[in-house]
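Enquirer: Chains as they are written, first to last, in our numbering: chain A, 791 to 1062; chain B, 85 to 370.
Certain hints may be false.
[Said to hold, decoys possible] The calculated lysine to aspartate or glutamate pairs, modelled on DMTMM-like cross-linking and capped at a C-alpha distance of 20 Å, are:
#, chain 1, residue 1, chain 2, residue 2
1, A, Lys909, B, Asp174
2, A, Lys935, A, Glu911
3, A, Lys935, B, Asp269
4, A, Lys909, A, Glu860
5, A, Lys935, B, Asp174
6, A, Lys909, B, Asp269
7, A, Lys1039, A, Asp872
Simulated from the structure, these hints should not be mistaken for laboratory data.
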Amino acid sequence: MTVPTWSQAFTAGNRGLGRLNRRRPFGRVEREAAFGGVDGSGLTVAVIDSGIEVNHPAIGGRLVQSVRVELADGRPVVVGDDGQDVVGHGTAVGGIIHSIAPAADLVSIRVLGPDNRGKGEAFLTALDWAIGQGVSVVNLSLSSKSEALYADFHALADRAYFSNVLLVSAANNVPGPSYPSLFAAVVSVAAHDVRDPSVWFYNPEPPVEFGAYGIDVSVAWRAGGRSVVTGNSFAAPHIAGVATLIRSKHPGISPFETKALLAATANDPDER
Amino acid sequence: MSPGRAGGRPSRGPRNPASTAAAARSAAADARSTAAAALAVLKAVTARVDTAARLEPAAGDAILRSVVDAAAVLIRAEAASIALHDPATDTLTFRVAAGEQGQGVVGLSIRPGDGVAGYVFATGEPLAIGETTVDPRFRRAAAEQTGYVPRSLLAVPLADDAGTMGVLEVLDRRDGAPFDLADMDAASVFARQATIAIRATGLERSTAALLREALLAIAGGERATDVEALVTGLTRELEPATWALADAVARVRDASPEQIDLVIDLLDALVRRTPRAASRYRAPGR
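Chain B on its own, in the form it takes in the complex (with noise of 0.2 Å):
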């Protein structure tokens, strides 16, 4: 059930039922049965989402590749596509693209504040540049990687209420002319279409987020590189089912002062047992 908690496991039993010892090892033991039991729980939960991951992306950038589809053709451009910023990591992503030149910039990411895509995350404000060859902004030598060196680009943030979440790029209209404001207004229709379904799908939640939030919250801040591992290493790609991982351990919040001291220690235990984990934090955005 839990190996690793093996040597960690108290000596329960009625040898000296009547020290004061036992009473408090009795103690100490429910607490540490409390923590055994989150610990299940985090496990459950975690296997879960590896198996949300592997299902839910699919679904959730099937949503987005149909935007960036539509707004291909509709402003009649050769390549679209989308960028979604990711907190735990802080950077952009590109998760989809429409028309065959766009497709190898899936999966590459970037820093907000840098290239187009960056910036216009950063600032929230759409912009169109034409002449990109003489645009330093332009990181050629990404774009060069992805195989495709657009002449002209469109980027507008997505965003609504709540913030931004990432950007809708389009590249090169088929005329060969600049894209113009109303190209820019089209492809702000598409970023809101994107953005209402990335948010009815949950795909920008960031998951990490909530659950280093109640992690930090019952841990303390002293402990936020702790729980930085914990999190890379339990999320890895992060998915709308990493909530319930996240409401289980928001609940843990109610417990007594000695059992979140022994989930401080279940924190310790499993960034040992997270080697991996670790690592990752220590180089982030590799």
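Looking at chain A on its own, in the form it has when it is part of the complex (with noise of 0.2 Å):
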């Protein structure tokens, strides 16, 4: 039996194969360089999802702002919002990223819930809302499936990535599109099969670029509580913790750059 698509190339008997196990074109960069010593003190994180819960105990009282994308004569804009998760998976992702970075402040823009079926639309405003906030670092365990939306979303990319922000991104592991994962100007993100949040592998072949930790999860959930979880969605959020921590190490450090050094941490193929 194989694993998604897109996990493929970052699981065991498979990790040796191909260009995950290239030589690496230059050194490694030890850790320590990269993003030792930081806490992400100084930045923002922007969680687009369900929401994050301003009072989690995983949240350590790091969430700043909270909006959300409601439709008015349906048009989408952003209003404020009450610090709520009202499905617990954006809390589980704030949580994680906190966990990794726990001085940087989070702003939680919420597109999902049951009042709100994270339409493309909704989801585009919202990424448009936070490049325009500056915000360093965006956290996107969600992709919409709107070749429609294609253009506009591969604009955004782009303007986030010339505008120093960084958009991580969950691969979706169902065929078709699905974007913005699937563009160059994002880090694109899948879960590897080994429990251990500190180990991420870099795939040189596109469209999904790193692995990380998805499968089992402990997370924070909604009221208070946490979960046990396996998915793409939260393989995302620890890549973007520690792209804020090299965000923060390194201030005015690029989109490209911080993904450069995010490869030349990544763990050999060969080491788990």
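Make the complex out of the two chains shown on their own, each in a separate frame, by following the hints.
Expert: Encoded structure:
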């Protein structure tokens, strides 16, 4: 039995194959040099998801702003939200980021929930807003399958890139379009099969470039609770957290330099 | 033929053959007979939809049932089920289930974004959840309605390039272990099979959406409420034969402005005659 398409390159038995196991084009960068001694202070990470529970212990009081996208006369607009998570998923994502970059501020942009099906337009509006806020990193543990929104998402991914905003996007394991996770300007992440948050792999074969911890992850959940979950949704914030540390350590670093450091600090495929 | 139109039937005939009023009446009569014909088509097709509604779900659900049976056996799970999205009511309804414990879920409807299935439907992201007893998203109350509370579950979207149409859920591995990436991939394979089967049989086709689109094109957006009531009343359990109805209505787009006016009148008449449809529209999801 195989594993999901985009996770395949990152699982035992496959990691020794193909380009994942190539010689590094330049030397490995030690993690201490890349992000040692920093905690993400001074940076803001936006989480586009189901909201973040403001008082959840796993968030450590770092949630500084909550907004949501709602439809006004059929047009999506960003309005203030009440710091609640309608599902639990966004709190899980925020908690993972906080566990890695504990001093980074979090901003929640809610596009999911029982009253909002995460329509593509709401997602676009949220992403546009986050880029406009000048946050350092945006975590996207969701994607749009709308072929019609390809150009809009592509334009926003490029705008983020040139605005020095790093987009970290969970790959969708279901075949077909998945935006913006398939774009080169974002950092795309799938789950690997190692139960260790400090292990990530770089895969130079697109479209999914990073494999991170996403199996049996103990996460924060709604109503102050916790759960154990599996999915690419939970791999992305592990990379977003590390990227936040890298950006905290090296002020002014660009998205592509951040991605290069993520790759240069990745585990060797035979390390585990 | 159309007893409800009796009161509106024009008094055609040669009583005032020379008057302009009569000429106008004659034109109106032509248009009304076109409308009557359209009504006849609607009624005939609706009757066939009722028949199809009794026949088609069994055939379509049989395919889905074979998929959930295979998924449960090959993933070695206690139960599996498929929920399909109905755009007319914007609900996810569990259509089929495998495993004795899973049967209670059939017929259960949830909102997109609600519960694990709703979340996976809304995001398109597969998700495995263990220790569901501590997962507030897991709607224990709803699960208890079905008589079966799983320890862990795996949910993958039924999706293809055209969009997400539902969710495949797999409950409780028989060995008690949590679901892993390999299970997720296996479930995704079954989800793809189900998706192809659903597309092939047209089970997912939103006949109501097509019909609504056609009627709105004729009647205009300001009559959306009437259209909604009519569509709900005519289609009930939506089945492929309703495509014929939608096609029939779509052809009316080529009609003259006068004829279109009359189709609008027709809408009025039909809405008045389907009070159940109107009340169902006011209380969606009930």
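Enquirer: Next step is simple, just say for each hint if it's right about the structure.
Expert: Okay, the hints, checked on the actual structure:
no.	hint	verdict
1	Lys909(A) <-> Asp174(B)	holds (13 Å)
2	Lys935(A) <-> Glu911(A)	holds (12 Å)
3	Lys935(A) <-> Asp269(B)	holds (19 Å)
4	Lys909(A) <-> Glu860(A)	holds (10 Å)
5	Lys935(A) <-> Asp174(B)	holds (19 Å)
6	Lys909(A) <-> Asp269(B)	violated (25 Å)
7	Lys1039(A) <-> Asp872(A)	violated (32 Å)
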